[in-house]
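Colleague: Chain by chain, the residues run as shown.
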Amino acid sequence: MKIYLLCITVGLLLTMNIHASEGPVMHLFPTTVLEDIRETGKVAEEMENNLQDIISRLDLQQELYHGSRCAGADEDPGCQRIARQIGATYLEMLTVMTERLPQMEQAVDNTRAGLKKRLRSELGEKTTPGGLQDVLLGRQTGPADEATLALRGRSGIRLSDRFKQYYGLVASRQGGASSSLAVIASDIYLDMEQASYLIAATREEISRATLMEQLNQSFGLITPEMAQVVEGVKSILFGEQGDAPIASAPPENTGLTYVSPLEY
Amino acid sequence: MRKFYGLVLITVLAGCASTTPTAQCDVTIRAPLEGAMLMVEDRLTNGCAYSFDAYMAQLIEVARDNPAAGNKRAFSELLVRISDQAVISKRQASEFYNRYFNIKFASLSGDYNTCSQVCPVRSKVISQMRDELRDKEVGLLEITGDQGSYYRADHLLQESELVLEATCRACDGDAG
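If you read the protein sequences in the order shown, they are chains A and B.
Counting in this note's numbering, the first sequence runs from 4 upward without gaps.
Counting in this note's numbering, the second sequence runs from 544 upward without gaps.
For reference, chain A alone in the conformation it holds in the complex (with noise of 0.2 Å):
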């Protein structure tokens, strides 16, 4: 449902088509990198609701487990049943992922694909370095955007808000200042090179957990490789505090209007 107000809110905004640049205008977000992008926010979404039982699920039975004072107590039929149920669950965690990362892996290369393609023609080939640097500083007179600027440091929400976030902002710039435009379209290649790289290397993992945790369930054990393997995932999806922002927004500018004849 929220999705689909989003979509209708964007939409709106797309069609009323608001001209305030005061950059150059760019095309680094056509509609199909802003479907790419919308699609990939729904299928983190998906992936997220299901997987969140789950987790809560795993972290209750951890808790249970650790509460019973089951750590180093193998031989215990009651820790050894809690143990079982923590692998079953663990395993329906992997389950989950195996089915959906292949979605969202497509979902992540089509965005990063696109992205590449608009980066690439837009700023590498048409542009100079010094053009660049307009395109950067958009003949701003103004403070610049503190929502834009604390991109980088993105971590700490839901991978689907995130891209929510992004959807957001280039949504409401479409015709607006490029500048920050530019730096959102950079952030989120970025973001979606790693993310791909994380899939992939996750995808190859999960048969490997799988396997080790099938041959666990005969003894009820809980690995120290399965609490990372969560909180890994945990982090991942539902976000985890402590990366700063790349920068913080620059302070007022203070009006001082001499231009050289000599300035680029």
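Simulated from the structure, these hints should not be mistaken for lab results.
Here a beta-carbon is modelled for each residue, glycine too, at the ideal position from N, C-alpha and C.
Check the hints yourself; a few may be wrong.
Stated by the list, open to error - So, partial list: chain A residues that the calculated Cβ filter (under 7 Å) puts toward chain B:
hint, residue
1, L63
2, C73
3, A76
4, K119
5, L126
6, E128
7, P132
8, G133
9, L139
10, S189
11, Y192
12, S263
To be verified - Computed Cβ-Cβ distance ranges for the label pairs, DEER-style:
hint, chain 1, residue 1, chain 2, residue 2, range
13, A, Q106, B, V664, 54 to 64 Å
14, A, Q106, B, G653, 39 to 49 Å
15, A, Y261, B, K633, 44 to 54 Å
16, A, R206, B, S632, 53 to 63 Å
17, A, E266, B, P610, 12 to 22 Å
18, A, E266, B, G578, 50 to 60 Å
Following the hints, position chain B against chain A.
Modeller: Showing chain B alone in chain A's frame:
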């Protein structure tokens, strides 16, 4: 006769020694900045052009000790005047001015596109931009007291690093 020639030779050598460019160009530059600039201009246009770098470094020091918003204009006007008198080229004047007093980076410039001009030497360009930011700190912040412009330059460097990383990766390899 031999005595006479010896005397002439000594006189000529002494004359040369008293007008060697080193002695003539070796001056102490002191505040106020305007006076110092006039003296530098006079020296530069009277045979000391090769001392340009040394003079400018001293003027920068004088200006650092006497910060004012108008210093930026004073440097610009001096550079325009001495480039008009062909002491330095327009390009040199522009590079010096922009390195210290402009938000934009002289290290990130050129007539070719970003993929071909910057990407093959990206880390070198970024490193030069970082060096240039230190000069902008001197020019914009210490000499001119223009905090806003300095922070915009600092911010531009950070954004350039991010955008160049992404763009150069996109330039690399096939379009897919």
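Colleague: So, for every hint listed, does it hold in this structure?
Modeller: Hint check results:
Annotation: interface hint on A:L63 violated; nearest CB of chain B at approximately 41 Å, more than 7 Å. For A:C73, the interface hint is violated, since its Cβ never comes within 7 Å of a Cβ in chain B; the closest pair sits about 47 Å apart. Checking A:A76 against chain B: minimum C-beta separation of about 50 Å lies over 7 Å; hint violated. The interface hint given for A:K119 holds, since its Cβ lies 4 Å from the closest Cβ of chain B, which is under the 7 Å cut-off.
Here the hint on A:L126 is kept, as its CB sits about 5 Å from the closest CB of chain B, short of 7 Å. For A:E128, the shortest C-beta to C-beta distance to chain B is roughly 5 Å, which falls under 7 Å, so the interface hint holds. The restraint placing A:P132 at the interface with chain B holds, with a minimum CB-CB distance near 5 Å, inside the 7 Å limit. Restraint check, A:G133 versus chain B: the minimum CB separation of about 5 Å is within 7 Å; hint holds.
Satisfaction of the interface hint for A:L139 is found here, the shortest Cβ-Cβ separation to chain B being roughly 5 Å, below the 7 Å cut-off. A cut of 7 Å between beta carbons decides the hint on A:S189: the least distance to chain B is about 3 Å, and the hint holds. With a least beta-carbon distance of about 5 Å to chain B, the hint placing A:Y192 at the interface is held under the 7 Å criterion. A least Cβ separation of about 4 Å between A:S263 and chain B falls short of the 7 Å threshold, and the interface hint therefore holds.
A hinted range of 54 to 64 Å for the beta carbons of A:Q106 and B:V664 is inconsistent with their spacing of about 40 Å. For the hinted restraint 39 to 49 Å between A:Q106 and B:G653, the CB-CB distance of approximately 43 Å keeps it satisfied. As the Cβ distance of A:Y261 to B:K633 is approximately 19 Å, the hint placing it in 44 to 54 Å is violated. Hint check: A:R206 to B:S632, Cβ distance near 59 Å, so the stated range 53 to 63 Å holds.
For A:E266 paired with B:P610, a C-beta distance near 20 Å keeps the hint of 12 to 22 Å intact. A C-beta distance of roughly 26 Å is found between A:E266 and B:G578, which places it outside the suggested range of 50 to 60 Å.
Hint compliance for this structure: hints 1, 2, 3, 13, 15, 18 are not met, and every other hint is.
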